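Between the sequences and the hints, there should be enough to build the whole structure, so can you do that?
As you go down the protein sequences, you meet chains R and W in turn.
Using numbering that gives the first Met the number 0, read the first sequence as starting at 0 and increasing by one per residue.
Using numbering that gives the first Met the number 0, read the second sequence as starting at 0 and increasing by one per residue.
A few of these clues could be false.
One-sided excerpt, in silico: chain W residues whose CB lies under 7 angstroms from chain R [to be verified]:
no.	residue
1	Asn3
2	Pro6
3	Phe10
4	Ser14
5	Ser201
6	Arg202
7	Val203
8	Glu205
9	Leu206
10	Ile208
11	Ser209
12	Thr210
Please keep in mind that the hints were generated in silico from the structure rather than gathered at the bench.
Being a predicted model, the structure only gives us computed values, none of them experimental.
The C-beta atom is built at its ideal place from N, Cα and C for all residues, glycine as well.
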Amino acid sequence: MALQIERVTKQFGNFTAVDDLSFHVPKGEMFGLLGANGAGKTTTFRMILDILKPTEGQITWDGKAVDHRLVGYLPEERGLYPKAQIREQLVFLASLKGMRAAEAKRAVKTWLERLEIPQYETMRVEQLSKGNQQKIQLIAALLHNPELVILDEPFSGLDPVNVEILKREVLALRDTGTTILFSSHRMEHVEELCQHVGILKAGRAVVSGDVPTIKGRYAEPALFIETDQIEKIAALPVVESITPYQNGHLVRIHSFADSDAILATLVRHGANVQTFMRQPVSLNDIFIKEVGEHAS
Amino acid sequence: MLHNFRPLYTFTLKSRIRSKAFVVSTVLTLLFIFAFTNADKIFSVFEDSEQASAVVVTDNPDVVGTLQAIGYEDVTSRDLSEAAARDEINNGEVDVVAFIDEYAVRVISERPETEFTTMLQTALLQLRNTELIETSNVDPTVIAALNEPIQLDESYLGRGGENSDELSSASALVYAMLMLLYISIITYGQMIATEVTTEKSSRVMELIISTTHPITHMLAKITAIGTLAIFQIGFFLGFGYVSASGSELATSVIENAGNTRAVAYMLIFFLLGYLLYASLFAVLGSLVSRVEEAQQMIMPVVMLLVVAFFVAIFGLNNPDATIVTVLSFVPFFAPMLMFLRVMLVDVAVWEVALSIGLLVGTIGLTLWIGSKFYRGGVLFYGTNAIKQWRQILQNRQ
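See below:
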């Protein structure tokens with residue numbers, strides 16, 4: 000079993016934020032929830048956390064109602080007391096999840112050292128940079144060893160160094176068997192981290208499943224070719240279209256079986272071929288195709 | 000339902016006590032109490048308490064002695080011409096010169112010397128009376144009988160005190176209690192609203208609300224700030240008592256504090272009044288997203304409290320007035336007005352019970368309604384409060 004979202008709908012008055020959404024996250028896996036702003040990601044998370052009640056449908060963990068003590072949550076915007084001491088508020092937040100103070104104190108020390116910021120233990124949140132605040136926020140979500148971790152836009156607004164540190168920790172977390180649900184509008188992060196993704200559009204899941212399967216479904220045979228005589232292949236019947244790019248051309252074809260014939264044609268004409276490769280389909284392409292241009 | 004009460008309570012109390020604002024306000028209040036209770040001593044330091052140096056020009060050798068006997072020390076008798084007197088005053092050698100002819104006086108001075116002239120009049124009046132009595136051979140017992148004041152012995156049958164002294168000290172206690180209730184509800188109530196709004200604006204609420212029932216959260220906040228209030232007020236009162244020791248208000252309040260009935264009612268109404276307004280402030284605080292808005296939001300409640308306070312001040316002299324009686328059953332006014340009535344007039348037991356019952360019911364209702372708004376309220380970060388309420392209500396459907 001796992002986290003199960005079954006036919007969940009959430010309405011605010013006449014506005015439907017989440018519409019008949021179903022997906023499940025197997026235990027120990029990482030699930031990426033994608034979607035433009037307002038697609039219903041945060042509302043979905045809040046329903047899992049029982050902050051909001053679904054209008055219809057069911058959310059279960061291991062077949063039972065989700066127990067908040069087993070869930071860790073990193074909200075999209077900072078959720079910390081700006082003026083409280085870091086150790087104190089982390090211990091406080093952990094105690095709300097049923098953790099003992101002494102145990103929480105030890106855990107805070109371990110985590111701060113692991114994230115290379117032990118010197119901030121007694122400082123106030125407002126004194127920290129945004130990246131370091133996000134690290135504290137991550138500790139707040141993970142301190143009580145949750146079984147399910149929900150990360151809402153964990154990488155937004157961070158510099159590349161901090162993104163790497165956070166990614167490293169999230170992967171380490173997954174390797175310990177924690178189930179992770181996270182949202183992002185940065186496709187490359189999702190692609191790098193997740194086995195399973197769901198793409199939301201206006202509260203509906205337009206795409207959902209594991210990454211290779213989805214890619215397989217969306218893969219269209221296309222080649223990326225960098226050459227000085229691209230016009231030599233334009234007339235070939237196997238070529239569907241040629242789109243010029245910065246330093247090459249995207250050539251859509253009927254099937255990858257035809258790529259040998261295309262290369263042969265170029266060589267026969269004595270063309271100088273610098274790049275000749277299969278164009279991989281990215282989540283970004285799929286996202287844009289499904290959600291629209293103004294997504295990310 | 001009270002799960003997580005303790006960590007919330009402890010954390011709120013701790014961070015409040017540690018905050019700079021708390022330390023600063025405590026120190027300032029202590030300074031204010033010290034200044035207020037010692038106002039007379041402080042003023043006297045800056046006052047020019049020395050008596051003006053006076054010269055009397057007179058044939059009567061008893062004037063100087065009588066003046067000194069009634070407390071004017073800095074006076075001598077000399078023979079001066081008016082011109083010489085003007086010179087000495089201009090040179091600053093003396094402040095005031097009085098030329099006395101029998102019982103008519105001419106005074107020359109740089110500016111009005113009221114203390115001297117008043118005492119001089121008293122002294123001369125005394126001298127003239129003595130002279131008149133002696134020359135007209137009046138029996139001294141007649142004089143004594145003339146000066147005998149009328150005896151007045153009052154008895155009051157209403158509550159609060161059997162004679163005028165007791166009544167005024169009961170009023171003083173009620174007044175002190177009303178002030179205390181008013182100031183502390185405003186101070187600590189605002190603190191609660193700010194506390195909730197800060198949690199909401201810093202989005203910590205999203206972490207808290209997923210683990211804690213709204214009523215628990217509200218109660219933890221209210222109790223934590225309440226604890227702070229009890230200790231802080233107790234500390235201030237103790238300090239004020241030591242600092243004021245001996246002042247009239249302090250003595251009469253202390254006298255009454257020995258009265259267990261007064262103390263019991265005070266505690267009950269103080270507690271209920273605080274709980275009612277505190278829960279209102281907590282709910283209002285959860286409806287706005289920024290601390291500046293919280294101030295606006297609680298304004299109507301503060302106005303309500305101001306009205307209650309003014310009605311109570313009016314009731315201090317008219318505890319039997321119909322408006323006081325009627326409003327003493329209305330929960331928002333009851334803590335002040337029912338306490339006032341219980342202390343100053345006869346009130347039936349059922350009246351007190353009804354008033355307290357209504358108060359408790361309203362507190363429960365406020366918390367219940369608040370918990371409905373709370374979860375919805377903390378997730379909306381809009382600026383339009385009314386639009387926000389509508390959204391929250393729709394969300395709860």
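Status of the hints after comparison with the structure:
Residue-level restraint check for W/Asn3 holds (minimum Cβ-Cβ distance to chain R is 5 angstroms; threshold 7 angstroms). Interface restraint check: W/Pro6 against chain R, minimum CB-CB distance 4 angstroms, threshold 7 angstroms, status holds. Checking W/Phe10 against chain R by beta carbon gives a least distance of about 4 angstroms; that is within 7 angstroms, so the hint holds. Restraint check, W/Ser14 versus chain R: the minimum CB separation of about 5 angstroms is within 7 angstroms; hint holds.
At a threshold of 7 angstroms, the smallest CB-CB gap from W/Ser201 to chain R is about 6 angstroms, leaving the interface hint in force. For the restraint placing W/Arg202 at the interface with chain R, the shortest Cβ-Cβ distance is roughly 4 angstroms, inside the 7 angstroms limit, so the hint holds. Because the closest C-beta pair between W/Val203 and chain R is about 5 angstroms apart, less than 7 angstroms, the hint holds. For W/Glu205, the shortest C-beta to C-beta distance to chain R is roughly 5 angstroms, which falls under 7 angstroms, so the interface hint holds.
Because the closest C-beta pair between W/Leu206 and chain R is about 5 angstroms apart, less than 7 angstroms, the hint holds. Annotation: W/Ile208 was flagged as interfacial toward chain R, and the flag holds, the nearest CB pair being 6 angstroms apart, inside 7 angstroms. Checking W/Ser209 against chain R by beta carbon gives a least distance of about 4 angstroms; that is within 7 angstroms, so the hint holds. Using the Cβ-Cβ criterion of 7 angstroms, the hint placing W/Thr210 at the interface with chain R is satisfied: the shortest such distance is roughly 5 angstroms.
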